[in-house]
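There are 2 protein chains.
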Amino acid sequence: MNPSEYPLGEPIAAIATALAPAALGVIRVSGNDSVRLLSACFSRGEALRAAPGNTLVHGWILGENGTADRIDEVMVAAYRSPKSFTGEEAAEITCHGGTATVLAVYRRLLAAGFREAERGEFAFRAFANGKTDLLRAEAIREIIGAQTETALSHAANRLAGDLSAEIRRVKESIIRARAAIGVEIEYPEEEDAESGAFDDSLVREALQALARLRDTWAAERLLQDGARVVLAGRTNAGKSSFFNTLLKEDRAIVSDVPGTTRDWLESTADFSGIPVRLFDTAGMRETGDAIEAEGVNRSRLLASEADLILYLVDSSEGLDAGDRAFLSDAARDGTPAVLVWNKDDRSDSKPLPSPLPTGARAAVRTSAKRGTGVSELVRQAAGILLEGTGGGPSGKAGQAVRAPALGSERQKRDVAAACESLEHAVSAAAAGFPMDAIEEDLSNALDHLASITGEVSGADVLDAVFSGFCVGK
Amino acid sequence: MNPSEYPLGEPIAAIATALAPAALGVIRVSGNDSVRLLSACFSRGEALRAAPGNTLVHGWILGENGTADRIDEVMVAAYRSPKSFTGEEAAEITCHGGTATVLAVYRRLLAAGFREAERGEFAFRAFANGKTDLLRAEAIREIIGAQTETALSHAANRLAGDLSAEIRRVKESIIRARAAIGVEIEYPEEEDAESGAFDDSLVREALQALARLRDTWAAERLLQDGARVVLAGRTNAGKSSFFNTLLKEDRAIVSDVPGTTRDWLESTADFSGIPVRLFDTAGMRETGDAIEAEGVNRSRLLASEADLILYLVDSSEGLDAGDRAFLSDAARDGTPAVLVWNKDDRSDSKPLPSPLPTGARAAVRTSAKRGTGVSELVRQAAGILLEGTGGGPSGKAGQAVRAPALGSERQKRDVAAACESLEHAVSAAAAGFPMDAIEEDLSNALDHLASITGEVSGADVLDAVFSGFCVGK
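Going line by line, the protein sequences match chains S and D. Read in this note's numbering, the first sequence has 5 at position 5, and its numbers run on one by one without any break. Read in this note's numbering, the second sequence has 118 at position 118, and its numbers run on one by one without any break.
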């Protein structure tokens, strides 16, 4: 079923937590009469039916045979309409987190009359019942998928409504501008009736705000999708230990991707808020010339698909022709590289080459052994990655108080379209077009903004947004 | 730290749900002042501090910079002492279920003053604060690890206290018997003072109840640990499709174990409540004689480690010498086998051999194609597995109303020891031993029963029980 066709009110159930052994698991239900329906398989049905909203009731989920057939001891959080996530009567059942336990409770609920929820059905109901707009619904999806704390924090601001408020503010400016035109059209003789007299300051202001928003997306997308960073360099440059240092340095989620059968190592790291997939071909070059050559080929292949290369050099050896060739190849591919002047702890460490070799956008002295220079490298790398998005090396990622930013490609498309309409309105006004033409541009811009928040959205937009959710949300 | 040394009251936090992307995640906290501590990083701190027990408060988890630094929108379930799982002041924070989200909320709580909980620390506090006995604490661990609905249901009954009540009932009988002896010892002249006059009916009754409990463990252990079942038979017997039919038939959790690099297939299935690891060497015998021979060897190896063999024969071909040899080898190893007379749908299907070949404990006609006979086979297989535990072919697994049963090896040891003491008391009484000897036996039995429930348990017992828990429970 397409999300836009999800019926409202039907009692639905979904397992809302990850299905793997844990202390607790949560199953959520929503819909008309859902608390009463749940109470039929609950040991304290009467207490549950009488429970006010936002209270917890302790009891047992019972099987078909009632108390002779206990499934699990649970806490039920009861929600009353409209004070729930969906706006409907709803409940969350917290049971023990065994896989069989969660499944047994869930099956019992289905037997009791709940239907399996579709993906995004809870969020769709929240939207359809006016509990959230599309921007905030998308922010929930973002939050669940966030890979770094920075990405999470940006999404949390959107969930809190900062972007919705910004869009509302812009809309109000445009509405006021349009109202002024309306006056002109209705009473053209009353005042200066020339179209050239249209005061476009409100429109310009709206355009400026929207253009700023539009330009936030590239950096936000980087926070969501992340970047591929490849560690390259000669065998003896110390890549393996550097790789490990980099992963240790990183305070956020770091996990080795299983699969030792691959020809490279891959891990995830947090580069100043950017989720980074870090590739290293280490382990390839320990034995034999053929394998070594193969390893270098793999490095080149990985590098050609990278967003950034960290090129390690043993600072006691310095650059050789192979290093310079690798870096200038990368430059030709358009892949930025940072020269990592490693083993800086050695007494025979050479100074950084000056000027930097072709292809190296920056250089950082590091010692994997002592762990020095690594934070600086991460900062530089994040800056270069953000620069590629127009986000600038200072980066929006690190700012404490942030201006609202966009959270999805869909939002970007609508904001960009609204910008175009406003740009058109400004040129039309400057060119002395009739007022109703300008009014149409402003109305188009408003339509795009209404689509962003979901005030007026086609089924295709709703389907695209809500089908991206997991089941249970 | 050993669980028996866990300090009570310190504010602790743990991620309680599985850490993988999902709609929701839950972090639980417990300890003195834990709600106030939590309120310091909560957007509606005052509302939370004022919240009565068993209510829900909606708000945001905030970072160090307060509202400028939102982490996630959450629901907090507030619990007031003693009405909580641990008996302490406690809370459960339900946040969005992204990995980064759950970790960020958890880290924030640690920064706010909560300590990372040790494994089983919540359950230990529940025990130490008198909210649960050891039997019910062990049942929680069982519930989380349960692999089938039957295993879950047995554990749920123990969590509900049926076993605790049974132990209490037995203890009361023994205490009454001991009190009667006390009277005899104190006033030996008053009535018939011969020790032979001791009425052992209460003790015999207690012994009977305990012996029944002791004998439940083998079948319960089978429900917890499961059994290894191997599918064997010639290449053309239809093992692969039978394997698939078996897995489809099964309504409970079925998952393929990843690892196609293995030389056999392994899946889990539910045989009338017994979690079964099902092995099939299918896929091994498609090409060449050498590989075929290797496949047969693997079958034999797997079969030698099995609890039960399902031996498939193409009923249109009937038994050959190799089949008979395999089955009699199994019988020599002491591994029971069921003869699966497969492809029963074929018109040239032969009748079942009579008598059954050596080693076949039972025979079932099946058609993997039509799916017939499979339920019957599963029932037979479960019966034979239960028989091996003394549980008998009718099986305790399927009974609607069940007598209390044991849930752990530890419980079994104590019950068996209590049985021995009571048996000794009965023989001592019969042999005319002095009353104080009998009284000592009864006291010993009571000590073992006190250890089971945790009324009097050494640190070693507590450590063994609670270190088996996961973190967050």
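Each hint should be verified, as a subset may be incorrect.
One copy or any two copies: either way a pair holds, since identical chains are not told apart in the list.
[Unchecked claim] Calculated cross-link-like contacts (lysine to aspartate or glutamate; reagent style EDC-like; alpha-carbon spacing at most 16 angstroms):
(1) LYS131 to GLU73
(2) LYS83 to GLU73
(3) LYS350 to GLU317
(4) LYS83 to ASP33
Since the hints were derived computationally from the structure, they do not count as laboratory data.
Against the structure, the hints:
no.: 1; hint: LYS131 to GLU73; in the structure: between (31 angstroms within a copy, 14 angstroms between copies)
no.: 2; hint: LYS83 to GLU73; in the structure: between (26 angstroms within a copy, 15 angstroms between copies)
no.: 3; hint: LYS350 to GLU317; in the structure: within (7 angstroms within a copy, 81 angstroms between copies)
no.: 4; hint: LYS83 to ASP33; in the structure: within (14 angstroms within a copy, 28 angstroms between copies)
The structure is consistent with each of the numbered hints, conforming to all of them.
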